[in-house]
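*Asks:* One letter stands for each residue in the lines below.
There are 2 protein chains.
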Amino acid sequence: MQADTTLIDGEFSDRVPVQDRGFAYGDGVFRTMRMVSGVPLHWPLHYQKLSADCAAIGIVCPSAETLMDDITKLFAEEVTERTDSVAKIVITRGIGKRGYAPPAIMSPMRVVSKLAAPTYKNDFYKLGVSLRVCDLTLSKQPKLAGIKHLNRMENVLARMEWQDEQFFDGILRDDTGLVIECTMCNIFARFDNQLLTPLLNETGVAGVTRGQVMQLGNTFSMTVKEQNITMEQLLSADEVMVTNSLFGVFQVTKIADQSWPVMSLSASLRSLIDYDSTH
Amino acid sequence: MQADTTLIDGEFSDRVPVQDRGFAYGDGVFRTMRMVSGVPLHWPLHYQKLSADCAAIGIVCPSAETLMDDITKLFAEEVTERTDSVAKIVITRGIGKRGYAPPAIMSPMRVVSKLAAPTYKNDFYKLGVSLRVCDLTLSKQPKLAGIKHLNRMENVLARMEWQDEQFFDGILRDDTGLVIECTMCNIFARFDNQLLTPLLNETGVAGVTRGQVMQLGNTFSMTVKEQNITMEQLLSADEVMVTNSLFGVFQVTKIADQSWPVMSLSASLRSLIDYDSTH
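If you're matching them up, the sequences are chains A and B in order.
The first sequence runs 2 to 280 under our numbering.
The second sequence runs 2 to 280 under our numbering.
Okay, chain A solo, but in the shape it has when bound (with noise of 0.2 angstroms):
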């Protein structure tokens, strides 16, 4: 990443104070977005959940302004020029003194990234993703359920546990074996017109993408339900679907010894939330 990449409250810098609460205590939110020309896509849901895990945790988020005003800086130049890439935002509670005490007057900081896209494999669209199921379970905390807060020790362990490609990401479960999420996506399985994702209340997290899929479901005359899924379940499903806010929809068409043939489905959802255009 180079110093011109990164706004720093405003300003073009690719360091972060010591002090700062987000690197001390991991007291922060962030957000990855896909980049069309210039624009984040979905930029309004992405804000609103911006917005609502910041005051879930007491924070004050900036407003949809002065984060589009940094990004209009770091991207410009894509406003007219085809460019594939990514933003980043990450808000912190700001600098505090040394005690998990948040000093009574708090200045939130914020850091806006410009990032290379990741490049997808062309099978993923065509063929779909492999999934693995992952030793570590997912503890629970209902008071940061659902947040994409900045404590992801979790993910970061998770995603350790694998170093072959073969797999895009790992199944996440909670202590109880039921399917929670992956590392970095939300999973969606259908049964016949039922399309089920896993409840979030207790851990997790809620991506701006799930929402869409969520609220698309009605279009292909399913019915959508949040709702507890086992393991077992999951690999009965009649067809399995990741979603994250990088590539939108992705089709899982084998986990462990489990496969699946390719459906539409998730090429639909895709084109009908215009990841189309991403790759």
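It cannot be assumed that every hint is accurate.
Since copy identity is lost for identical chains, a pair holds within one copy or between any two.
With a cut-off of at most 25 angstroms between alpha-carbon atoms, the simulated PhoX-like pairs for lysine-lysine come out as follows [as the list claims (entries may be wrong)]:
1) LYS255 to LYS122
2) LYS98 to LYS122
3) LYS74 to LYS98
4) LYS89 to LYS74
5) LYS127 to LYS255
6) LYS89 to LYS144
7) LYS255 to LYS226
8) LYS141 to LYS122
Please keep in mind that the hints were generated in silico from the structure rather than gathered at the bench.
Position chain B against the provided structure of chain A, taking the given hints into account.
*Replies:* Using the frame of chain A, we list chain B on its own:
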């Protein structure tokens, strides 16, 4: 904090790279230690804990010599001059690209800071401290239990529950109601000549001072045990103590409506582990 009070990988600086995984994911560990004449009190125990915590999450800890060189550089004038300060060491997995997978070759980052020592009221030493009981309950993650890692949102949210300075700290329970620790301390309960402290195999931070107090128990002919303690049991204890590396040991003389007379064990233990010279 001034620029000359922090060393980042041995260089004076007060800013860390925005791509550091400590900032991005809380992917690292830390320690705070009381300084006495330019040397961290109980340094061998702290280094042992720091390197064990690093190893537990797959980070190669810098050598004790490297860290002591940093400390010497930062605290040189304190060797001869009596000052009251605290050293904080943060070790992160270092710089990475976007995404949870760590780079194949990792270069951990070390941050060593000189901070002002907290000032404790004289009453805490003479009359003990009061605790409240936190609403937030700790999540259980056996793979992170005991480790002082940088994912500290739970401590932050718990500490945000109160402003009333009469409470020295707040008791954290797990979701089954068992007592685990406080936001910044470990906790002990004495029943006659049994000294109990919660098991930390599923959640919590196993502090250095906790380990010292456990080892010292036999000096007082006590049986020391790690075991499950309910809130009800804690309130019925003959004596309650909290420990951390900045003050050593304080007696707890009040929790909710329950109070205890001042006894001698906390002060004796504090003296035995050399915290009397720090106030």
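*Asks:* Give the relationship of LYS255 and LYS226 under a CA distance limit of 25 angstroms: within one copy only, between copies only, both, or neither.
*Replies:* The answer is within: 23 angstroms in one copy meets 25 angstroms, while 48 angstroms across copies does not.
*Asks:* How would you label the pair LYS141, LYS122 (within, between, both, or neither) given a Cα cut-off of 25 angstroms?
*Replies:* Neither. Shortest intra-copy (34 angstroms) and inter-copy (37 angstroms) distances fail the 25 angstroms Cα cut-off.
*Asks:* If the cut is 25 angstroms between Cα atoms, do LYS89 and LYS144 qualify within a copy, between copies, both or neither?
*Replies:* within (24 angstroms within a copy, 28 angstroms between copies)
*Asks:* Checking LYS89 and LYS74: alpha-carbon separation at most 25 angstroms within a copy, between copies, both or neither?
*Replies:* Cα proximity of LYS89 and LYS74: one copy only (14 angstroms, versus 36 angstroms across).
*Asks:* At most 25 angstroms between C-alpha atoms: does LYS255 with LYS122 qualify within a copy, between copies, both, or neither?
*Replies:* within (16 angstroms within a copy, 61 angstroms between copies)
*Asks:* Classify it for me, LYS74 with LYS98: is the Cα-Cα distance of at most 25 angstroms met within a copy, between copies, both or neither?
*Replies:* between (31 angstroms within a copy, 22 angstroms between copies)
*Asks:* From the Cα coordinates, with 25 angstroms as the cut-off, is the pair LYS127 and LYS255 best called within, between, both, or neither?
*Replies:* within (14 angstroms within a copy, 65 angstroms between copies)
*Asks:* Could you figure out if LYS98 and LYS122 sit no more than 25 angstroms apart (CA to CA) within one copy, between two copies, both or neither?
*Replies:* between (46 angstroms within a copy, 19 angstroms between copies)
In terms of the numbered hints stated before, the structure departs from hint 8 and from no other.
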